[in-house]
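**Q** Sequence:
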Amino acid sequence: MDEFYNNENSNMGGGYPPKPIVATKSQNALVRSMLSLFIYGLMFYFLFDSNLAYIAAILVVLIIHEMGHFLFMKLFNYSNVKIFIVPLLGAFTTGKKQQVSQAQLSLIILAGPVPGIIIGCILFWVNKDLQNDTLKMLANSFLIINLLNCLPFYPLDGGRLIETLFFKENHIIRLVFGIISIICLFGLFLFFQSFVMIIVPVLIGLEIYNETKHQKIRDYLRQEKINYHTDYENLPDKDYWLIRDCLIMSFPKKYIGVVPGHYEYTIAEPLLVQHISAVLQINLKFDLNIFKRILIVLFYIFMFVGPLVLVGLHL
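The numbers in the numbering used here rise by one with no breaks, and the one at position 15 of the sequence shown is 15.
Among the hints, erroneous ones may be present.
Below are the EDC-like pairs computed for lysine to aspartate or glutamate, each with C-alpha atoms no more than 16 Å apart in a straight line [as the list claims (entries may be wrong)]:
#1 K254 x D231
#2 K216 x D245
#3 K97 x D231
#4 K254 x D287
Hints in this document: simulated from the structure, not taken from any laboratory.
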């Protein structure tokens, strides 16, 4: 766990006790990332019988991709920015910021695949005359991984970009988009016989199911004039316990034994704090007009189609 929870206070008079205090532990994120990279490479080696050079290439591509997201999050003053390596499934970068704009989110998303695509194109061009197998493999790794990540399906970067530009806060369209993404990714992984990756659309389906319940909670909070466009640190104590009650009633199997309306800390409090944070939403500033959004989409299409044309011309 990255956090511990102060639950010394309890409900003594039937009111709303203070919400749990979240304090970050001092942990070496770099050591954890390096360890997860090692586990990723080890599992890849034994499960797919790949040579070390290919595994090293995959890890380099992942690191450069996630460092793009990481550096732009830092540039836009995100806090608690971390890179997570998930064995076999890939990697992702997380960070916290309450006030975010479409322009910032778009740049953060593009900062992942764009550098890798550019590097892949350069390596491919350099190797045009050299015809070095290792260089060719490295170029292909950069291009294939980053181009696949640009496909317009959630949670790939391409899907996240389309969502950010056009329907970030429209739950119905996001739901439809998520279902389409599940179907397309499922078919894609079957086509490439990447059976391990089928877990990705399964996880997306679970996320959509949970998000649908979260949206119902937000609808209720909106009716009750409770602000959920805030971060956990600024969430009033009363709102914490009310959202907590909603979660307990919406996910009874998950929080079995926890009684709504009984405002005392339980052993499930760390999980509830994380779950409440998932219900809360950022304040998104819509600072891109239709012309700017079209320009970003055209750039996205160019970065996706350009390398395919380059490779096609030299095959």
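**Q** Against each hint, give a clear statement of whether it holds in the structure.
**A** We went through each hint and held it up to the structure:
no. : hint        : verdict
1   : K254 x D231 : 23 Å, violated
2   : K216 x D245 : 13 Å, holds
3   : K97 x D231  : 8 Å, holds
4   : K254 x D287 : 39 Å, violated
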